[in-house]
Amino acid sequence: MERGYWIRSKPLYDSLVWKQHATGHVVIAEGEGGIAVLKLFQQMCPREPIKLLFADDTSATKKYADIITKLVPEGLQVCESGEAVLAALREQLPDCLMGTQFYVAGSEAFIWAVIEELKVYGVQDRNVEKELSGTLARSVYCVHCKTTDKDVHHSIHQCSGCGRHLFVRDHFSRRLGAYMGVMVDAEEPGNIPAAEEIYP
Amino acid sequence: MNMAKNLAFKQETFRDDYTYSNSAEAIRRFPFPFAEDEYMYSVNIEQHNGGAPGSVFEHAIDVDEHYVAECADRALVLEDDPLRYIALPHMMDAQWDMVELVMDSLSTDYPEQFKLTKDGDNWHWINKPLGIDQKFVFGDESTLPMQPFEFVGRQVQGDWIILDQRDDDLFADMGIVTSQADWSMAFDAGMSFKEWHGPVPQANELGIFDRALKYLLHLQYGSPVRRLNWTMTVNPRLDTSPENYPLWGPDNVSVTPENVGDKVHLRVELQALFRLPRSNAIAFSVRGYLASVNELATYPRWAKRLRRVLTNLHPDLSEYKGLDFYRQMVIDHLAPMDDGTELELGTHPE
Amino acid sequence: MSVLNVKVAEVEQVTEVVKHFTLVQENGEPLPRFSGGSHVVVSMDINGRIHRNPYSLMGSTANTDSYHISVRKQENSRGGSVYMHEQVKPGSTLQITYPTNLFAISKLGRRHILIAGGIGITPFMSQISDLNRLGYDYELHYAYRSPEHAAFREQLQEMCGDRVHFYVDSEDERLDIPDLLSHQPLGTHVYICGPVPMVKALHLHAKNLGWPDNHVHSEEFTAPPSGDEFTVELALSGMEVTVPGDMSMLEAMEEAGAEPPFLCRGGACGRCELEVVSCDGVIMHNDHYLSDHEKAEGRSIMPCVSRAKCSKLVVNL
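Chains as they are written, first to last, in this note's numbering: chain A, 1 to 200; chain B, 1001 to 1350; chain C, 2001 to 2317.
These aren't lab readings, by the way, just hints derived from the structure by calculation. For glycine and all other residues, C-beta sits at the position ideal for the given N, C-alpha and C. It cannot be assumed that every hint is accurate.
[Said to hold, decoys possible] Once the Cα atoms are required to be at most 25 angstroms apart in a straight line, the calculated PhoX-like pairs of lysine-lysine come out as:
no., chain 1, residue 1, chain 2, residue 2
1, C, Lys2200, A, Lys19
2, C, Lys2295, B, Lys1214
3, A, Lys39, A, Lys62
4, A, Lys119, C, Lys2207
5, B, Lys1194, A, Lys10
6, C, Lys2019, C, Lys2073
7, A, Lys63, A, Lys39
8, A, Lys19, C, Lys2207
9, C, Lys2207, A, Lys51
10, A, Lys146, B, Lys1128
11, A, Lys51, A, Lys70
12, B, Lys1128, B, Lys1118
13, C, Lys2019, C, Lys2007
14, A, Lys10, B, Lys1214
15, C, Lys2089, C, Lys2007
16, B, Lys1194, A, Lys119
17, A, Lys51, A, Lys63
18, C, Lys2309, C, Lys2295
19, C, Lys2200, C, Lys2073
20, A, Lys70, A, Lys39
21, A, Lys119, A, Lys146
[To be verified] Every beta carbon over 12 angstroms from chain B, so not counted as near; a handful from chain A, in silico:
no., residue
22, Thr61
23, Ala109
24, Glu188
I would like the entire structure built from these sequences, with the hints used as guidance.
Here is the structure:
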């Protein structure tokens, strides 16, 4: 079933760079996104006010909050978790004006969770700077039972909702923040290729 | 008109026992897509403002002998999986545009079957084949039993995807999709033209999508267009969705030289595009017509043509359309019917 | 292209230089529905030469018994607006295209700022009827030269209530665009229709304040500028057409019997784009469609408003 042509929907990520024109800047990052934040603040900082919302990945050994606190004295809010970052962002957004530039760094799942929040306020994903940090793990949407599983590292993934083995297509939905997973052995049940770790 | 008056709707299924078949008349009007012995992907867009009487192009929305059965199959799919219908919140104007397009077209083109009476915004809709009699206020959602687009979407054949136009692009922000060739509305909702459009081998390189998008952005109200696309399906199954791939996937490997003629169907999509007036959105209708290889082969010209097209098909396209498993079996099945005589240009059956 | 045959039902002198035309379909049927911000192209037969000008539809989108367009008399123009003012009377018949919308409200916007300069108010009149109907958050800022030029002021007050703000140039009232743009909430879209310097200023200020491009919408129709006579060769049909100085390339090709595609005829939409095979001089690009880069490359031309300073231009038509 997989024909290998699904590439046009795959998002492109870049390194965070300050935007030249703005009325303000909001940087939102989680976990390994801390590295992107450090790189960003090594660039010449813009004159406009900057807000930075950050949470370390509680399960990871590497932490960035301390070093970020030293580097970024103003406008920094360190949160407990990625969820808390989203909650803090939700509180900020009603006061943000047009011309506010948004910068997001972290896992792909985090990036698209932030964009869902921004969309509510009419901010479109194409106008948000995005840097994918650390893991290449994918969120996978099971097209059969509609469960989304996070942190998928393998080419074949067993769905936590329906138990089917899914082939992860290179087809991405920005609205769902996930790649499409389609049953791999539908034509010949039980014929499941070996799973390879391809999204480290 | 005669055709419409004589419409007799068949009771048949597109799943389980697959009782679907075409009458001789339905085969005759089948939109056979191959004018030449070789198939090349192209956009081949033409005006959709009427066609030969009796043909599938005659009316904006074609209603044929499979109407009642197809609507019943759609209802089954929706009952099982309500997410086959999606309308993002900013599409309400487009929903009413669709109500107008469907009801105006059907009542004008098939007055024996469908009747629409308008008194200002008070509309009265009668759909005789499906036994629907509904009075409602145009523009007032609360006067219909469900969302306006779902209401009419359940009363037409084929899939409908409604594209919102903004930022010089088109977004698949609404759709009712129950008979698709392996793509998912629930997954693709909200995607831009290029994200969403099936990635066709060779087409991207040729810049076909860039040109098609530009053309569609300029599509005018009152000047709808159409094109044909095709693939093949094992069994007359409408719902070949990725959602239900576990159900139809095994069919692909069930083809044998003995059953190929009856099991393998040519699936032709009549794709029509209409600019919608209030919303400035574009309605994209994908109406699938199914005919088995044996049904098509009742016309020797089509048997020969189909064999040659499949023989000459580019391997990438064969793979993309999912024909690899049984393509050679179809070619072999048709071989005795092809004497090699030259066929004149054109898609006509005789 | 589908056309509509219409009859002028009413002509109203709105200001010294603006006339408002009410059009009804000749066969008495209602006109097609349209969305706010749409325009039609009106064909005029002026001394045997067909002129086609785009005009915004300004009536309510809810009522299509008639269409409403307004025409500002441009004394130095090629005659289209003068013809509309002097020759078109109640009872006159005209041919118009179906409505096309190149200036639609972005439905994902959370707030909409409309800015009009002078006759640029017209597309907003139909947009406002949509915005009101949909209950969207909007503001209209309307700048004009002097009290005598206050076209549709009362009607707008009625439609918009306290959402409309007027700026009268002669009374030293100025719209401060940077100030207006600097305090808008996220998700705001801005739309402008007016004189070229005003449109350019808006784009510049919006960019400097960090507004994304796709939140800034403008509609500009250019009248085809005159120039030197040149010859166009249509490579596919082998036709050769002389473009006189006072005619657009598109009009000259049409008069010669070719049927090139077109939509807005004001250099905005890109529908009439033609591939340039060769040109032994320079192309004078006047459209808003091609990027500066594409204009410099010279591989395309918009014949509705652009022309060439050359002896021969060859296009792929």
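Now for the hints, and whether the structure bears them out:
1. Taking the CA atoms of Lys2200 (chain C) and Lys19 (chain A), the gap is about 22 angstroms. The hint holds against a cut of 25 angstroms.
2. A threshold of 25 angstroms between alpha carbons decides the hint, and for Lys2295 (chain C) with Lys1214 (chain B) the separation of about 18 angstroms falls inside it, so the pair holds.
3. Note on Lys39 (chain A) and Lys62 (chain A): the hinted pairing holds, with a Cα-Cα distance of about 16 angstroms set against a maximum of 25 angstroms.
4. For the given pair, Lys119 (chain A) sits about 21 angstroms from Lys2207 (chain C) by alpha-carbon distance, which is consistent with the 25 angstroms threshold.
5. A distance of roughly 11 angstroms separates the Cα atoms of Lys1194 (chain B) and Lys10 (chain A); the hinted pair therefore holds under the 25 angstroms criterion.
6. At roughly 8 angstroms between alpha-carbon atoms, Lys2019 (chain C) and Lys2073 (chain C) fall within 25 angstroms of each other, so this suggested pair holds.
7. In summary, the hint linking Lys63 (chain A) to Lys39 (chain A) is supported, as the alpha carbons are separated by about 15 angstroms, within the 25 angstroms threshold.
8. Taken as a hint, the Lys19 (chain A) and Lys2207 (chain C) pair is honoured in the structure, with Cα atoms around 11 angstroms apart against an allowance of 25 angstroms.
9. Distance hint between Lys2207 (chain C) and Lys51 (chain A) is fulfilled; the C-alpha atoms sit about 21 angstroms from each other, no more than 25 angstroms.
10. Between Lys146 (chain A) and Lys1128 (chain B) the CA atoms are separated by roughly 36 angstroms; this puts the pair beyond 25 angstroms, and the hint is violated.
11. Proximity of Lys51 (chain A) to Lys70 (chain A) is assessed by CA-CA distance (about 15 angstroms); at most 25 angstroms being required, the pair is judged to hold.
12. Straight-line distance between C-alpha atoms of Lys1128 (chain B) and Lys1118 (chain B) comes to about 17 angstroms, which keeps the hinted pair within the 25 angstroms bound.
13. For the hint pairing Lys2019 (chain C) with Lys2007 (chain C), the CA-to-CA distance comes to about 16 angstroms; that is within 25 angstroms, so the pair holds.
14. Between the alpha carbons of Lys10 (chain A) and Lys1214 (chain B) the distance comes to roughly 22 angstroms, so the proposed pair stays at or under 25 angstroms and holds.
15. A distance of roughly 9 angstroms separates the Cα atoms of Lys2089 (chain C) and Lys2007 (chain C); the hinted pair therefore holds under the 25 angstroms criterion.
16. Proximity of Lys1194 (chain B) to Lys119 (chain A) is assessed by CA-CA distance (about 21 angstroms); at most 25 angstroms being required, the pair is judged to hold.
17. Pair hint Lys51 (chain A) plus Lys63 (chain A) holds up; C-alpha atoms about 20 angstroms apart against a cutoff of 25 angstroms.
18. With a C-alpha separation of about 14 angstroms, the suggested pair Lys2309 (chain C) and Lys2295 (chain C) falls inside the 25 angstroms cut-off, and the hint holds.
19. Annotation: proposed proximity of Lys2200 (chain C) to Lys2073 (chain C) holds, straight-line Cα distance about 23 angstroms (limit 25 angstroms).
20. This hinted pair checks out: Lys70 (chain A) and Lys39 (chain A) have alpha carbons roughly 14 angstroms apart, not beyond 25 angstroms.
21. About 22 angstroms separates the Cα atoms of Lys119 (chain A) and Lys146 (chain A), which keeps this hinted pair within 25 angstroms; it holds.
22. Residue-level check passed: Thr61 (chain A) sits 36 angstroms from the nearest beta carbon of chain B, beyond 12 angstroms.
23. The claim that Ala109 (chain A) is not at the interface with chain B holds, since no C-beta of that chain comes within 12 angstroms of its own (minimum 16 angstroms).
24. At the 12 angstroms boundary, the C-beta of Glu188 (chain A) falls inside the reach of chain B, the nearest C-beta of that chain being 7 angstroms off.
When held up to the earlier numbered hints, the structure conflicts with 10, 24 and fits the remainder.
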